[in-house]
Amino acid sequence: MNLFRNKKKLRSFKEFLYILPFILLVGVFSYYPLYGWMYAFFDYRPPQPLTMSNFVGLKWFQSLVSNPVKTKQIMSVMVNTLVMSGITVGTSWLPMFFAIFLNEIKCVPFRKAVQTVTTVPNFISWVLVYSVAFNIFNNTGVVNHVMVAWGILDEPVQFLQKSDHVWITQWLWLTWKNLGWAAIMYIAAITGIDEQMFEAAKVDGATRMQRIHYITIPSILPTYFVLLMLAIASFLTNGMEQYYVFQNAFNKEHIQVLDLYVFNLAMGSGSYSVATALSILKSMISLILLTIANGISKLVRGESFL
Amino acid sequence: MGSVKKKKRQEQSVGDALISVAIYVFYAAFAFICVYPFYYIFINTISNNDLSQKGMIIFLPHGIHFENYVKAVKIPGLLNAAFISVSRTLIGTILTTISTAFLGYMFTREHLWHRKFWYRFVIVTMYFNAGIIPWFLTMRNLHLTNNFWGYILPTIVSPFYIILAKTFVESIPKELQQAAEIDGAGTMTLFYRVILPVIKPILATVAIFAAVAQWNAFQDTLLLMTDNKLYSLQFILYQYINQASSLKQLVNSSSGSAVAQSIATVQTATSIRMTVTIIVVAPILLIYPIFQRYFVRGIMIGAVKG
Numbered sequence: 001m002n003l004f005r006n007k008k009k010l011r012s013f014k015e016f017l018y019i020l021p022f023i024l025l026v027g028v029f030s031y032y033p034l035y036g037w038m039y040a041f042f043d044y045r046p047p048q049p050l051t052m053s054n055f056v057g058l059k060w061f062q063s064l065v066s067n068p069v070k071t072k073q074i075m076s077v078m079v080n081t082l083v084m085s086g087i088t089v090g091t092s093w094l095p096m097f098f099a100i101f102l103n104e105i106k107c108v109p110f111r112k113a114v115q116t117v118t119t120v121p122n123f124i125s126w127v128l129v130y131s132v133a134f135n136i137f138n139n140t141g142v143v144n145h146v147m148v149a150w151g152i153l154d155e156p157v158q159f160l161q162k163s164d165h166v167w168i169t170q171w172l173w174l175t176w177k178n179l180g181w182a183a184i185m186y187i188a189a190i191t192g193i194d195e196q197m198f199e200a201a202k203v204d205g206a207t208r209m210q211r212i213h214y215i216t217i218p219s220i221l222p223t224y225f226v227l228l229m230l231a232i233a234s235f236l237t238n239g240m241e242q243y244y245v246f247q248n249a250f251n252k253e254h255i256q257v258l259d260l261y262v263f264n265l266a267m268g269s270g271s272y273s274v275a276t277a278l279s280i281l282k283s284m285i286s287l288i289l290l291t292i293a294n295g296i297s298k299l300v301r302g303e304s305f306l
Numbered sequence: 001m002g003s004v005k006k007k008k009r010q011e012q013s014v015g016d017a018l019i020s021v022a023i024y025v026f027y028a029a030f031a032f033i034c035v036y037p038f039y040y041i042f043i044n045t046i047s048n049n050d051l052s053q054k055g056m057i058i059f060l061p062h063g064i065h066f067e068n069y070v071k072a073v074k075i076p077g078l079l080n081a082a083f084i085s086v087s088r089t090l091i092g093t094i095l096t097t098i099s100t101a102f103l104g105y106m107f108t109r110e111h112l113w114h115r116k117f118w119y120r121f122v123i124v125t126m127y128f129n130a131g132i133i134p135w136f137l138t139m140r141n142l143h144l145t146n147n148f149w150g151y152i153l154p155t156i157v158s159p160f161y162i163i164l165a166k167t168f169v170e171s172i173p174k175e176l177q178q179a180a181e182i183d184g185a186g187t188m189t190l191f192y193r194v195i196l197p198v199i200k201p202i203l204a205t206v207a208i209f210a211a212v213a214q215w216n217a218f219q220d221t222l223l224l225m226t227d228n229k230l231y232s233l234q235f236i237l238y239q240y241i242n243q244a245s246s247l248k249q250l251v252n253s254s255s256g257s258a259v260a261q262s263i264a265t266v267q268t269a270t271s272i273r274m275t276v277t278i279i280v281v282a283p284i285l286l287i288y289p290i291f292q293r294y295f296v297r298g299i300m301i302g303a304v305k306g
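Protein chains in written order, with our numbering: chain R, 1 to 306; chain V, 1 to 306.
Some hints could be false.
Quick list of the computed label-pair ranges, beta carbon to beta carbon [to be verified]:
| id | chain 1 | residue 1 | chain 2 | residue 2 | range |
| --- | --- | --- | --- | --- | --- |
| 1 | R | F250 | V | I23 | 35 to 41 angstroms |
| 2 | V | M126 | R | R211 | 34 to 40 angstroms |
| 3 | V | M56 | R | A200 | 55 to 61 angstroms |
| 4 | V | F121 | R | V203 | 40 to 46 angstroms |
| 5 | R | G151 | V | P61 | 46 to 52 angstroms |
| 6 | R | F250 | V | F148 | 33 to 39 angstroms |
| 7 | R | V203 | V | P201 | 36 to 42 angstroms |
| 8 | V | Y24 | R | A200 | 53 to 59 angstroms |
| 9 | V | M56 | R | L287 | 32 to 38 angstroms |
| 10 | R | P49 | V | F121 | 26 to 32 angstroms |
| 11 | V | L286 | R | M209 | 37 to 43 angstroms |
| 12 | R | I288 | V | Y24 | 26 to 32 angstroms |
| 13 | R | K106 | V | P201 | 41 to 47 angstroms |
In short, the hints are calculated from the structure, not lab data.
C-beta: ideal position from N, C-alpha, C; glycine also.
Please take these sequences and the hints and turn them into a complete structure.
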C-alpha cells in the first residue's frame with residue numbers, strides 16, 4: 001500500500017517535471033520583472049548597473065507629489081487617462097446594442113456580411129489603424145478632397161495634427177476597431193436564448209421593442225455585467241500602442257495617458273526610476289480595482305469572475 | 001372598434017418598417033466605413049501615382065499599373081523586415097501552440113503535483129504584471145534586447161490560450177483517457193495518441209490568434225530592438241508613415257535614370273506609404289474570411305469561461 005502511494009506520488013511529481021520548463025518561462029517573464037521594481041528605490045542612471053547605484057528610498061515616489069512641474073504633468077496625464085477610460089466605460093453598452101439590432105436583421109447574407117466586415121478592424125494592428133487614419137485624413141486624403149470639393153472646407157486641414165477633440169477622436173478610432181468584435185460575445189449570448197420565449201411573446205402580441213426590452217436585454221445583461229467589471233478593473237490601463245502611434249507634438253498634451261507617459265518618461269527621457277515608481281503605483285491601484293470589481297461581482301451575481 | 005385596432009396595427013407596422021430601414025442603413029454605413037479605407041488605399045496603390053498623390057483616386061482606379069509593388073523591394077529595410085515578421089510569426093506560432101496544447105492537457109491531470117497552485121500561478125499573470133518598464137529592464141538584463149528570441153520566448157506561455165485549451169480538454173469524455181490508461185498509456189503517450197488528435201479544432205483557433213498577435217506586434221520592437229536588422233514590418237511601416245518623403249528619393253534614384261520614368265509610375269511619398277500599408281495588411285485580410293469561424297469559436301469558449 002505504502003509502495004503504491006509512493007509510486008503515485010512519484011508519477012505526480014514526474015508530471016510536474018514535464019511542465020516545469022513552462023513554469024520557469026512564466027517565472028522569468030512574468031514574475032522576475034517584479035524584481036525590476038527595485039529600480040524605483042535607487043538612483044539608477046544607465047549604463048551604470050543597479051549594483052553601483054545609490055539607494056534613495058522613497059525619493060522618487062515623493063518627487064511625484066513634491067515636484068510642482070511633475071505633479072502638474074501627472075495631473076494632466078491622470079485627467080487624460082480617467083476621461084478616456086470614462087468615455088470607454090460610459091459607452092460600454094454600445095456593443096450590446098450593436099448585437100441586439102444586428103440580430104433584428106432578417107436578411108441572413110446581409111447580417112453575415114456585416115458581421116464579417118465589422119470585425120476585420122479588430123485584427124489589424126494600431127500601426128495599421130494609424131496608417132489608415134493618415135492616408136484618409138492627411139492633406140491629400142479622401143476626406144479633405146471630398147470636403148474641399150463640396151465646399152465644406154476652404155482648404156485641406158491636417159486633422160491628425162489638431163489638438164482639439166483628441167479624447168473623442170481617439171475614442172472613435174477605438175470604437176471603429178473594436179465595436180464589431182466586442183459585439184460577437186453578445187451575438188453568441190443572444191443565439192443562446194430559447195427561441196420559444198420569442199415565439200410566445202409574439203403570440204401574446206409583444207412588439208419588437210417589447211421583445212428586446214423584456215427578453216433579449218435581461219438575457220444578455222449578465223454578459224454585459226462581467227465585461228463591465230473587467231473594464232472597471234482595467235480603468236488605468238488604456239494600453240500605450242494606440243496613443244503612441246497617434247501622438248505628435250500638437251496633440252501630446254491631451255493624448256498622453258498613464259501607460260504612454262510611463263513609456264515616454266523611461267524610453268524618451270531615460271527616467272527609468274521615476275517611471276518604475278509610477279508603474280508600481282499603477283499596479284497597486286489596478287490590483288485594488290480588480291479586487292473591488294470582483295467583490296461587486298460576488299455581491300451582485302454570487303460568483304467571482306477570476 | 002375593429003377599424004381602430006386595424007389602424008393601430010397599421011401604425012405599428014409602419015413604425016416597425018421605419019425601424020427596419022434605419023437598422024439596415026446604420027449597419028450598411030458602419031460596414032462601409034470598415035471596408036472602404038482598405039479599398040481606398042488599395043486602388044490608390046495600383047493607380048497613376050500622380051493622380052493618387054493629388055487625391056484624385058476615390059472610387060475607381062485610374063491608369064492601372066503594378067510598379068509600386070515591383071519597386072517596393074527597393075525600399076530600404078522592407079525585405080529584411082518581411083523576413084523578420086514571417087520568421088517570428090512562424091516560430092512563435094508553432095511554439096505557442098505546442099505549449100498551449102501541452103499545458104491545457106497537463107492542467108487537467110488530476111494527480112499533477114499541486115495542480116491548482118501552478119494553474120493559478122500561470123493564470124494570474126493575465127491580471128497582474130510588473131509594468132512595461134520593469135519588464136524592459138528585465139529583458140535587457142537577460143540579453144534579450146536586440147535579440148530575435150526577445151520576440152519569441154515571452155509569448156510561448158499564454159494564459160488566455162491555456163484557458164481555451166483546458167476548457168476544451170475538459171469537455172472530452174473521461175472514458176477516452178481512462179480506457180487508454182488501462183491499456184497502459186503513460187502521460188505522454190496519452191497526450192500524443194488520444195488528446196492531440198481530438199483537440200485539433202481548438203489548436204487551430206489558438207494558432208490563428210497567436211499568428212495574428214505575432215504579425216501585429218509592435219510594442220516589443222519599440223521597447224527591445226534598436227538594431228534595424230531586427231525591425232518588424234509593423235515597425236518599419238510606422239517609420240515610413242512619418243518619413244515617406246525622404247524615402248522616395250532613395251527608391252527613385254536607385255531605379256536608373258529618372259528621365260525614363262513616366263510621372264504616372266514614379267514613386268511618391270503617398271505611393272510608398274500606401275503600398276507598404278497594403279503589404280502589411282494583406283496577410284490579415286486574406287486569412288480573415290477563411291478563418292473567421294475559428295476566431296468566433298475562440299471568443300465563445302472564452303466567454304463561457306468568463
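Hint by hint, here is what the structure shows:
In this structure the hint that F250/R and I23/V lie 35 to 41 angstroms apart at CB holds, the actual value being about 38 angstroms. Evaluation of the 34 to 40 angstroms hint for M126/V and R211/R yields a pass: the beta carbon distance comes to about 37 angstroms. Remark: the range hint 55 to 61 angstroms for M56/V to A200/R is upheld by a beta-carbon distance near 58 angstroms. Between F121/V and V203/R the Cβ separation comes to about 53 angstroms, which falls outside the hinted range of 40 to 46 angstroms.
The hint said 46 to 52 angstroms for the Cβ distance between G151/R and P61/V, and at roughly 26 angstroms that hint is violated. Remark: the range hint 33 to 39 angstroms for F250/R to F148/V is upheld by a beta-carbon distance near 36 angstroms. Taken as a hint, the range 36 to 42 angstroms holds for the pair V203/R and P201/V, whose Cβ atoms sit roughly 39 angstroms apart. Restraint check, Y24/V to A200/R: a C-beta distance of roughly 27 angstroms breaks the suggested window 53 to 59 angstroms.
Our hint of 32 to 38 angstroms for M56/V and L287/R is violated, since their Cβ atoms are close to 54 angstroms apart. For the hinted restraint 26 to 32 angstroms between P49/R and F121/V, the CB-CB distance of approximately 30 angstroms keeps it satisfied. At roughly 41 angstroms, the beta carbons of L286/V and M209/R sit within the given window of 37 to 43 angstroms. Checked against the hint of 26 to 32 angstroms, the C-beta distance between I288/R and Y24/V comes to roughly 46 angstroms, which is inconsistent with it.
Restraint check, K106/R to P201/V: a C-beta distance of roughly 30 angstroms breaks the suggested window 41 to 47 angstroms.
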